[in-house]
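Let's have the full structure, built from the sequences with the hints guiding it.
Now for the letters of each chain:
There are 2 protein chains.
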Amino acid sequence: MKTPLIDNLQYAKFSPRIFEQMRNGGVDAVHVTIAYHENFREMVLNLEQWNRWFEMHPDLIFKGTTAACVRDAQKTGRTAIFFGFQNPSPIEDDIGLVEICHQLGIRFMQLTYNNQSLLATGCYEDYDAGLTRMGRQVVTEMNRVGIVVDMSHSGERSTKDAIAHSTRPIAITHANPAWWHNALRNKSDAVLTALTESGGMLGFSVYPHHLAAGPACTLASFCQMIEKASRRYGARNLGIGTDLCQDQPDSIVEWMRVGRWSKVIDYGEGTASDSGFPEMPDWFSDNRDFGNIRLGLEGTSLSADDIDGIMGGNWLRFYESSFGPQK
Amino acid sequence: MKTPLIDNLQYAKFSPRIFEQMRNGGVDAVHVTIAYHENFREMVLNLEQWNRWFEMHPDLIFKGTTAACVRDAQKTGRTAIFFGFQNPSPIEDDIGLVEICHQLGIRFMQLTYNNQSLLATGCYEDYDAGLTRMGRQVVTEMNRVGIVVDMSHSGERSTKDAIAHSTRPIAITHANPAWWHNALRNKSDAVLTALTESGGMLGFSVYPHHLAAGPACTLASFCQMIEKASRRYGARNLGIGTDLCQDQPDSIVEWMRVGRWSKVIDYGEGTASDSGFPEMPDWFSDNRDFGNIRLGLEGTSLSADDIDGIMGGNWLRFYESSFGPQK
Chain F
1 MKTPLIDNLQ YAKFSPRIFE QMRNGGVDAV HVTIAYHENF REMVLNLEQW
51 NRWFEMHPDL IFKGTTAACV RDAQKTGRTA IFFGFQNPSP IEDDIGLVEI
101 CHQLGIRFMQ LTYNNQSLLA TGCYEDYDAG LTRMGRQVVT EMNRVGIVVD
151 MSHSGERSTK DAIAHSTRPI AITHANPAWW HNALRNKSDA VLTALTESGG
201 MLGFSVYPHH LAAGPACTLA SFCQMIEKAS RRYGARNLGI GTDLCQDQPD
251 SIVEWMRVGR WSKVIDYGEG TASDSGFPEM PDWFSDNRDF GNIRLGLEGT
301 SLSADDIDGI MGGNWLRFYE SSFGPQK
Chain Z
1 MKTPLIDNLQ YAKFSPRIFE QMRNGGVDAV HVTIAYHENF REMVLNLEQW
51 NRWFEMHPDL IFKGTTAACV RDAQKTGRTA IFFGFQNPSP IEDDIGLVEI
101 CHQLGIRFMQ LTYNNQSLLA TGCYEDYDAG LTRMGRQVVT EMNRVGIVVD
151 MSHSGERSTK DAIAHSTRPI AITHANPAWW HNALRNKSDA VLTALTESGG
201 MLGFSVYPHH LAAGPACTLA SFCQMIEKAS RRYGARNLGI GTDLCQDQPD
251 SIVEWMRVGR WSKVIDYGEG TASDSGFPEM PDWFSDNRDF GNIRLGLEGT
301 SLSADDIDGI MGGNWLRFYE SSFGPQK
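Taken in order, these protein sequences are the chains called F and Z. Under the working numbering, the first residue of the first sequence is numbered 1, with each subsequent residue one higher. Under the working numbering, the first residue of the second sequence is numbered 1, with each subsequent residue one higher.
It is possible that part of the hints are untrue.
[As the list claims (entries may be wrong)] Cut-off 16 Å, straight-line C-alpha distance, at most; resulting in silico cross-link-like pairs (EDC-like, lysine to aspartate or glutamate):
1) F:K63 to F:E48
2) Z:K327 to F:E55
3) F:K327 to Z:D189
4) Z:K228 to Z:D189
5) F:K160 to F:D189
6) Z:K13 to Z:D250
Quick caveat, the hints were computed from the structure, so don't treat them as lab data.
Structure representation (structure tokens):
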């Protein structure tokens with residue numbers, strides 16, 4: 001069977017139009033964010049919205065829970081939608097909610113979203129104290145039930161702690177190497193080495209704040225970075241996690257950044273003069289553009305197998321070993 | 001394969017001791033109540049407690065979600081635990097929670113618990129106005145996803161409405177015929193006829209307030225009632241739903257009766273002078289006593305096949321057609 005095309009992070013303003021673009025782009029599976037600052041009950045409202053979409057558009061999308069769902073998607077010409085949180089707020093202070101969330105289909109959870117959480121430290125805090133007492137317990141529980149630890153928005157020390165404490169490989173679903181573009185959200189060589197040496201996965205982001213030269217980043221530059229990362233970390237631990245925020249109004253990026261934690265606006269990766277969602281690079285604006293990335297990678301020295309792996313095969317293999325109970 | 005033994009309603013104060021009694025009694029599946037007055041978040045706390053029991057006692061019990069789990073239980077010498085609500089309070093005012101609850105493993109939901117709910121009228125209200133606007137929508141949604149409508153604590157008209165409106169057979173999981181013992185919680189011949197003619201199931205209760213002569217009810221009287229009901233309604237639509245409340249302190253029966261809806265004590269089926277849980281009849285006090293009921297039924301004119309059906313085969317067949325999405 002053909003290697004699947006998987007995008008391991010999107011937070012678009014989803015709609016039937018976008019689901020059709022997924023099909024037109026031949027995207028077999030997408031990991032979508034369903035919570036930033038929501039508590040458990042609010043997160044469930046987001047699940048309900050997805051259930052309604054699954055009910056109304058069964059010809060386009062369905063809920064993904066296991067790696068086999070990606071193969072089903074390929075066979076039936078649909079897109080499997082996998083759920084994740086960018087913050088542990090939906091589990092509140094209650095470790096029992098980890099298994100409940102797995103039962104509801106959650107397969108990825110970030111331990112932090114920029115700020116300190118009950119579990120770990122976010123990448124925007126001044127001081128990173130690493131995994132907390134609860135954080136260690138929750139990582140163990142995530143390992144047990146099969147929710148992937150995602151450290152995309154976490155600090156350096158917390159990320160290293162999570163890699164060390166987790167008994168299963170973890171993920172950084174959407175970020176790029178800091179050696180290519182030095183940004184708070186991009187990851188140090190030390191983190192990426194520890195991540196990939198432990199079997200963890202890095203998903204390359206197309207979000208402009210994570211790109212060298214921002215929206216002006218060329219496809220060639222992006223693909224040369226992937227080529228270099230493949231040489232350095234091995235292509236098998238790399239994939240795509242675009243962080244596509246298509247069609248979202250700017251009020252959403254404010255929600256992502258500020259939630260309910262501050263009365264003062266925080267611009268995150270933006271600035272006061274450029275506070276909204278950034279412009280996308282001209283070679284990637286929606287789910288129909290993955291062919292551009294593949295073409296770009298074919299212009300590098302990467303092998304066809306490596307490219308297949310980066311475009312989805314590696315995430316599929318990671319899904320196969322990550323989403324079930326620990327053996 | 002041997003016909004399974006199924007008890008389709010218990011609300012014991014569950015513990016490893018009771019799980020062992022289930023094994024000693026050869027009980028293959030039990031439908032347990034996990035909510036009376038809980039809202040969604042509170043009900044999830046009860047699910048968490050069950051998850052912990054499943055994690056700690058995998059040799060005794062596991063979570064049941066499909067009829068096949070009953071067969072798995074028989075093969076592995078364990079008890080499959082199926083979840084249900086005695087009140088729709090966990091879905092709050094939110095129809096989207098019906099599917100969420102199914103995803104969490106809920107397989108039965110009463111539309112009312114004695115009082116008026118958002119969906120229908122309970123059997124203790126003075127006037128029964130039947131299914132509400134939301135009630136009709138929720139029954140349709142329960143039909144779609146595969147949660148069984150349970151009218152054990154509902155009024156006459158609401159029950160008839162539910163039977164008529166539901167496109168799948170419904171259940172009265174724990175009650176007896178009013179022609180044997182006239183009590184608010186027992187069911188009229190008209191209701192039982194409509195229920196069973198539409199393929200619905202009645203589970204016979206051993207809760208003393210539902211028994212002729214209460215705790216003094218003899219096994220012979222109970223089994224003669226079942227024999228008579230089999231002649232009248234057909235044995236294939238009958239099963240057991242003991243309503244076993246073993247080991248519960250009396251504070252729990254007060255919670256069941258009053259929840260948070262009243263500042264004044266309500267004695268339900270009890271009285272001021274006898275307000276606690278009633279004494280159980282001497283032939284049934286825990287999960288090891290199902291053999292007594294079988295022996296009692298063997299003392300009637302019922303065939304071995306009919307007895308097998310009543311002791312679990314009929315519930316299994318009902319599970320097979322009830323727990324999945326509507327076809």
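Evaluation of the provided hints:
{"no.": "1", "hint": "F:K63 to F:E48", "result": "holds, 12 Å"}
{"no.": "2", "hint": "Z:K327 to F:E55", "result": "holds, 14 Å"}
{"no.": "3", "hint": "F:K327 to Z:D189", "result": "violated, 53 Å"}
{"no.": "4", "hint": "Z:K228 to Z:D189", "result": "holds, 12 Å"}
{"no.": "5", "hint": "F:K160 to F:D189", "result": "holds, 12 Å"}
{"no.": "6", "hint": "Z:K13 to Z:D250", "result": "holds, 11 Å"}
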